[in-house]
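Q: Here the sequence shown stands for residues -19 to -1, 1 to 148, where the numbers follow mature numbering (1 follows the signal peptide of the UniProt record, and there is no 0).
Among the hints, a few may not be true.
Computed cross-link-like contacts, SDA-like style, restricted to lysine to any residue with a CA-CA straight-line distance of at most 25 Å [said to hold, decoys possible]: (1) 117 with 76; (2) 117 with 86; (3) 117 with 81; (4) 34 with 71; (5) 117 with 41; (6) 105 with 93; (7) 117 with 78; (8) 105 with 27; (9) 105 with 74.
Ranges between beta-carbon positions, derived for each pair [to be verified]: (10) 79 with 30: 36 to 46 Å; (11) 29 with 140: 38 to 48 Å; (12) 117 with 87: 17 to 27 Å; (13) 26 with 94: 32 to 42 Å.
Quick caveat, the hints were computed from the structure, so don't treat them as lab data. All of these numbers come straight from a predicted model, not from anything done at the bench. Each residue gets a CB set at the ideal place from its N, CA and C atoms; glycine is no exception.
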Amino acid sequence: MNLLRAAPALPLALPSALALSLALLPALPGPASGQTRVGEISTTFRLVGPNDKVVVERYDDPRVGNVSCYVSRADTGGLSGWVGLAEDPSRFSIACRATGPVALPAGLPQTESVFRQSASPLFKALTVTRILDAEKRVLVYLITSTKLVDGSPFNSVTAVPIETAAR
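Please model the complete structure; the sequences and the hints are all you need to start from.
A: Right under this line is the structure:
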C-alpha cells in the first residue's frame, strides 16, 4: 500500500488566469491627466499593508479654464490594496470651484466625460461628467461609479457659474 500521494495538480485555468492578470497590469489606466493628490487621512488601521484612507484629489477641467474639482474618495488598504487588487467602495464626494474667471470655450458639448479614474484593477471606475446648463449659465459636474456589469446608484453633484460679460 502506497502511503505517499501526489499533491493535487493546480487546475490548468489558474496559471492562465494569473498570467493574463499579470499581462494586463501595465495596461491599467494610470492617474487621470491633471490630477493632483491634495491630501489623505487614515480611517482604519491595517496590521499588514497600508491603512484604509480617504483621499482628496484635485482635477482641473481640461477644456474649461479656471475650474478645479475636488474629489474625496475611499482608498482601500491592506495587502490587496497594497498590490493593487482591492476594489474601492463607491463612496465619494465632489466640489468644483472657479479659481478665476470662467468662460465657455467654443464648441463645448452639452455633456462630456471630463475625468475617469480606475477604482479596481479591471472593471470599475469613477467618472466625472460635465453638463452645461445653458439657460442658467452654469456648469454642472456629476461624479458616478461605473462597472462593467452594473453601475452604482451613488453619485454627487456640484455646479460652477459661468461669468457673464459686464453690460
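Q: Work down the list of hints and note, for each, if the structure agrees.
A: Status of each hint after checking the structure:
| no. | hint | verdict |
| --- | --- | --- |
| 1 | 117 with 76 | holds, 19 Å |
| 2 | 117 with 86 | holds, 17 Å |
| 3 | 117 with 81 | holds, 19 Å |
| 4 | 34 with 71 | holds, 14 Å |
| 5 | 117 with 41 | holds, 22 Å |
| 6 | 105 with 93 | holds, 19 Å |
| 7 | 117 with 78 | holds, 17 Å |
| 8 | 105 with 27 | holds, 24 Å |
| 9 | 105 with 74 | holds, 17 Å |
| 10 | 79 with 30: 36 to 46 Å | holds, 39 Å |
| 11 | 29 with 140: 38 to 48 Å | holds, 42 Å |
| 12 | 117 with 87: 17 to 27 Å | holds, 20 Å |
| 13 | 26 with 94: 32 to 42 Å | holds, 36 Å |
Violation of the numbered hints given earlier is absent; every hint is satisfied by the structure.
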